[in-house]
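Work out the full structure, taking the sequences as your base and the hints as a guide.
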Amino acid sequence: MLLYRVTAQGVEVLLVHPGGPYWVNRDEGAWSLPKGEYDPGEDPLEVARREFREELGAEPPGGPPTFLGTCRQASGKQVRAWALEGDMDVSAIHSNTFELEWPPKSGRSHEFPEVDRAAWFDPHTARRKINRAQAVFVDALTAVLG
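Adding 17 to a residue's 1-based position in the sequence shown gives its number in the working numbering.
The set of hints was computed from the structure by calculation and includes no laboratory data. Be careful, since some hints might not be right.
Derived pair list, reagent style DMTMM-like, types lysine to aspartate or glutamate, alpha-carbon separation capped at 20 Å [to be verified]:
1) Lys146 to Asp156
2) Lys146 to Asp133
3) Lys94 to Asp56
4) Lys94 to Glu59
5) Lys146 to Glu45
6) Lys94 to Glu29
7) Lys146 to Asp44
8) Lys146 to Glu29
9) Lys146 to Glu131
10) Lys94 to Glu131
11) Lys94 to Asp60
12) Lys94 to Glu128
Laid out in C-alpha cells, this is it:
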C-alpha cells in the first residue's frame, strides 16, 4: 500500500525502512512500501491493508485504492501495489516484530521490529530511497496524479 499526501510543496509518499541488523546501515535502495506475502486464495488488496496495519500500527485510510500495477524484485518476489491518499504521523508508527538469531551462530535470539521507521518523501527522493524494482509504483502514482 503506497500512502500519499498532497502538501503545499507537492506530492509526498510514505515509505518504510526494514528493521533488523541487516538493514541498520542501509539507506538508498533499502526503503519500501508497506507490503507482505499472501497465500493462494487470499485477496491481495486485503493483505495489503493488513500489512499496512502490522507494519505501521495504524489502519490504512478509507477511500478507494488505485491499483498501481506489479513489479518483480531482484529476489524474485512479485509485488502488487495500490495507492491511497491519506496522512499519518510517522513518529507514531508501531511495527510488529520478528525473531532472529543474532549475532549469527551465537545461539542467542533477539526480537526486531519489521519496520524501524517510516518517512515522507517527494517522488524524486523516493525513487532513490525505494527498492529499485518498486520505483515503478512511484512513477505510476505520479502519472495517475498528473
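Hint by hint, here is what the structure shows:
{"no.": "1", "hint": "Lys146 to Asp156", "verdict": "13 Å, holds"}
{"no.": "2", "hint": "Lys146 to Asp133", "verdict": "15 Å, holds"}
{"no.": "3", "hint": "Lys94 to Asp56", "verdict": "13 Å, holds"}
{"no.": "4", "hint": "Lys94 to Glu59", "verdict": "16 Å, holds"}
{"no.": "5", "hint": "Lys146 to Glu45", "verdict": "4 Å, holds"}
{"no.": "6", "hint": "Lys94 to Glu29", "verdict": "25 Å, violated"}
{"no.": "7", "hint": "Lys146 to Asp44", "verdict": "6 Å, holds"}
{"no.": "8", "hint": "Lys146 to Glu29", "verdict": "13 Å, holds"}
{"no.": "9", "hint": "Lys146 to Glu131", "verdict": "17 Å, holds"}
{"no.": "10", "hint": "Lys94 to Glu131", "verdict": "17 Å, holds"}
{"no.": "11", "hint": "Lys94 to Asp60", "verdict": "17 Å, holds"}
{"no.": "12", "hint": "Lys94 to Glu128", "verdict": "24 Å, violated"}
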